[in-house]
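All chains, full assembly: derive it from the sequences and hints.
2 protein chains.
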Amino acid sequence: MRSDYCGVLRSADIDRVVTLCGWVDRRRDHGGVIFIDLRDREGIVQVVFDPDAAEHFEMADRVRSEYVLKLTGRIRARAPEAVNPNMVTGEVEVYGTALEILNTAETVPFQLDEHTDVGEDIRLKYRYLDLRRNEMQNNLYFRSKLTTAIRNYLDEHGFLDIETPILTRATPEGARDYLVPSRTHEGKFFALPQSPQLFKQLLMVSGFDRYYQIAKCFRDEDLRADRQPEFTQIDIETSFLDEEEIMAITEGMVRKLFKELKGIELGEFPRMTHYQAMLRYGSDKPDLRIPLEMVEIKDLVSEVEFKVFSGPANDPNGRVAAIKVPGGCSKLTRKQLDDYGKFVGIYGARGLAYIKVNDRSDLEGGLQSPIVKHLPLDVRAAILDRLQAKDGDVIFFGADKAKIVTEALGALRCKLGEDLDLYTCEWAPLWVVAFPMFEENDDGSLTALHHPFTAPSCSPEELQKNPLEALSRAYDMVLNGTELGGGSARIHDQAMQQAVFRILGIEEAEQREKFGFLLDALKYGAPPHGGLAFGLDRLVMLMTGSSSIRDVIAFPKTQSAACVMTDAPGTVDTKQLRELSIRLRQKEEKIS
Amino acid sequence: MRSDYCGVLRSADIDRVVTLCGWVDRRRDHGGVIFIDLRDREGIVQVVFDPDAAEHFEMADRVRSEYVLKLTGRIRARAPEAVNPNMVTGEVEVYGTALEILNTAETVPFQLDEHTDVGEDIRLKYRYLDLRRNEMQNNLYFRSKLTTAIRNYLDEHGFLDIETPILTRATPEGARDYLVPSRTHEGKFFALPQSPQLFKQLLMVSGFDRYYQIAKCFRDEDLRADRQPEFTQIDIETSFLDEEEIMAITEGMVRKLFKELKGIELGEFPRMTHYQAMLRYGSDKPDLRIPLEMVEIKDLVSEVEFKVFSGPANDPNGRVAAIKVPGGCSKLTRKQLDDYGKFVGIYGARGLAYIKVNDRSDLEGGLQSPIVKHLPLDVRAAILDRLQAKDGDVIFFGADKAKIVTEALGALRCKLGEDLDLYTCEWAPLWVVAFPMFEENDDGSLTALHHPFTAPSCSPEELQKNPLEALSRAYDMVLNGTELGGGSARIHDQAMQQAVFRILGIEEAEQREKFGFLLDALKYGAPPHGGLAFGLDRLVMLMTGSSSIRDVIAFPKTQSAACVMTDAPGTVDTKQLRELSIRLRQKEEKIS
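Protein chains in written order, with this note's numbering: chain R, 5 to 596; chain Y, 5 to 596.
I should point out that these hints are in silico values taken from the structure, not numbers from a laboratory.
The C-beta atom is built at its ideal place from N, Cα and C for all residues, glycine as well.
No false leads were slipped in.
Reference excerpt, derived from the structure (chain Y facing chain R, CB under 8 Å, subset only): (1) Met5; (2) Arg6; (3) Arg136; (4) Thr152; (5) Arg155; (6) Glu167; (7) Phe203; (8) Ala572.
This is the structure:
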């Protein structure tokens, strides 16, 4: 129907006769001539209809925004004063000679450009119109190019694309499952997968060696800004490779994606242990664009009378740490200092001590601070030394239970980075490694920090003896403070797998019932294997600079897990429910 | 961990020292030397351990089938008498110098080669072992290569890969939906998509121009041999292209796939109208490998006294037709002729008349048949002429309601093709076009032959006037009697869409409730658009020559829609159901 896309026409096309199809982005009448900006996937070109071509002029006069047109015309150079440097097609225009209206359009309910200021609910209700906006077109175009580049990379590296089931059994990722009642197996339910974890491990047991899938995953959780009930994972698993090799392959992929799609060289990713990440950045996904670091000062304040510091300093579970903001004196207002005090309260801190270093040569009068009077001069000097403070710097303090200090100062660090625009680079990737195998719950039971199939870096005996000391062979890829992906070497030994289950309090019978097929698979020649999963939505979001995950998904759900366009979820008639052997629970039943 | 895959080693590698990882396919002890066939994804190579390398020899002596090994050795030529022409690596072997047992294996529950004769249930229960078999490895390897080739083709042709939701609203494909109870919207349910049909149409309304997705689709139907509750579709939609262009692009894709992956030139696909396909082949997906055709003889027998023929011949809804089997006299036994009589009974035919043409010059004694005596000589001669029968041919007859004759002789045609191996070629693709828009149900209501979004080739007024005469702009791609894919130009005009809904008995209120978003989308500038969907599983099945769809899916469901490996679907505790505001229906409730 068409000869060219609108958005690709350039000076080199001058004098060509083209047929274009697309939407009327704008139509204006100027000095008796009609100008139509015609839009398609590739961009916009200006088309001119003048009254000399009478028949088509009249039709052109009738078109309105978002009409669908097919038109023919000759490309010509625009007059020098009419060249539009803001349009890639701005040097040319199409002199229209034929026009067909393929479809009309009513007035759209909101403006389809960057000035859209309607609420997101309206955008989602008319998603098919919202997706016409340049930003959304670019995002989904980018997403498609990204997945193609991912597939090409993995294909070149010998990975096989293998599909795993959507209708499956509850998986142990820990989030709530979406359930699907079975019609043929009365009273039983499928679960939608939270990840293809066990299936991909079984594919390694089958000998496929290198597997990948761009896989839909599902979690029925209360949604935060960057979560969706269904999300997409770049899922990877390999056999006979150790952590280093898996990290090298996947790091290579991300580096290639940034190079190919954004022209950015990320360089080699630094490594950091989980312990160091928590200690210095207060986060297991540190944002290394921000040059601030937490500095331990427990030893410096253990003897002071000031209980706010000496208490935690002498508590084995306590922590006293500080963050220095270079030049903070001139950047931070009194109000900001107060606001940060409230901000760290979110993380349980009971206040935020600080020192403004006005003149560090004067330890008496040169330090402006609500707490400095409680600290002897030598301690003041020692703190300034350790933080290498200079005149004009501000130092923030955290003193409390270690967990609170770490989280509060870690969060403050990111907030300072954002508020004061302290970023030293645009992209800061790293690997976080050497995670603990388990974390302790309040009741003393243990939870797997990653998942129960993660291999520890010690023997089953050592693991059992001291589970909280054990480190795992897991690795997370972090970019700009966001976890892009995570993975691990997996357990390929039945005894080790059972040891982990036991430590997690999963007894023999439950092991058989839930994971019998995995335990069986491990005894018939399971190879050493491991892998990784990336969050595709989040990767696209970061790479396109989108502020919401919903802006990189064609048809996302709202925060209440609904689709306002199709009105899903919907009601279902009783006959259907009866076929599934279920019924709706009555309100009164739930109260009782 | 490894330097090479086992299956790729050749004479050119002689003298190289390699490290291999894989599974023990077979271990045998021959003249004091141990031979291990080591297997990985790429194939098998023979490794030799002799007693001179004492330490590793002992370990080699301990290995058993399916142990996982890492070993090192030098490639050497086999002695001429030991060359194995049946193995691609059969000219070489690895002289083992180091060996590590990475994992042991218990005796597997069935033999992992082509001689497996256990039931499919056992294979599915231990699917991770079944997938080690050469056939299954090849199938999934092929499937991955096929999807990669599909994506590359579509990518080169400007198609964007866009994901559509899995948690969505009931779609109108007509099969039973899988439902997912919503936790946040009490008493409401998502449906899993039977296809992304409406979403892909909306993407065209959004201006994405060319969309594709390799999409999971779901149907809760009672399963036939070639059906699965979840299946995979190559889903394609385009704007501003007419049927011819869409057919050209997708035919080009299938031709390229056959060329690239199987080295087969399919050539240009012939076209056939639905009417011709039914008339000549008794099927809307004719298998053109079989040279038999149905021939109309209604006019020849309308005057005969033989009511079995003249009855249908004089009934406007009747049909009398014949199929000639060249040389059938010597190929078909009396028993087969009887069996075919029973076979057509499946389709409602009350018998199968035939004539064995022993000597066509003798219309009296040369024709062997239970019915020929009821036919005058001139009719006999006319029939033989029309069918161009020769001595030794057999002619079968169908005389009944047109539907019965068409179906029965259509099925008989395929059965004869298979039984007598009449195939004239290996691959016979074609397009079937010009389908009716609607078919009539027994109660006089109408059903869409494809789906309600298929565009007719007439105006809304003509459509309304004579719906049963209307043809659609649909097209099916058929290969060897299997429907590979189907599609159509879609309705992009609101008035036309509403006309179709009305003809299907969907009233205004129901239209709004179920398809309001589509009808809205059509009024804001919907472009002309159309597309196609291929069944990926079926395509892989045909191209790999597999006999079951389950052999081309990594983790398929059984015929009762269960996974015997993970034991899905499973039971769910009451707490989970309560969160979803549903409960199980009690047995007694269902009886009442």
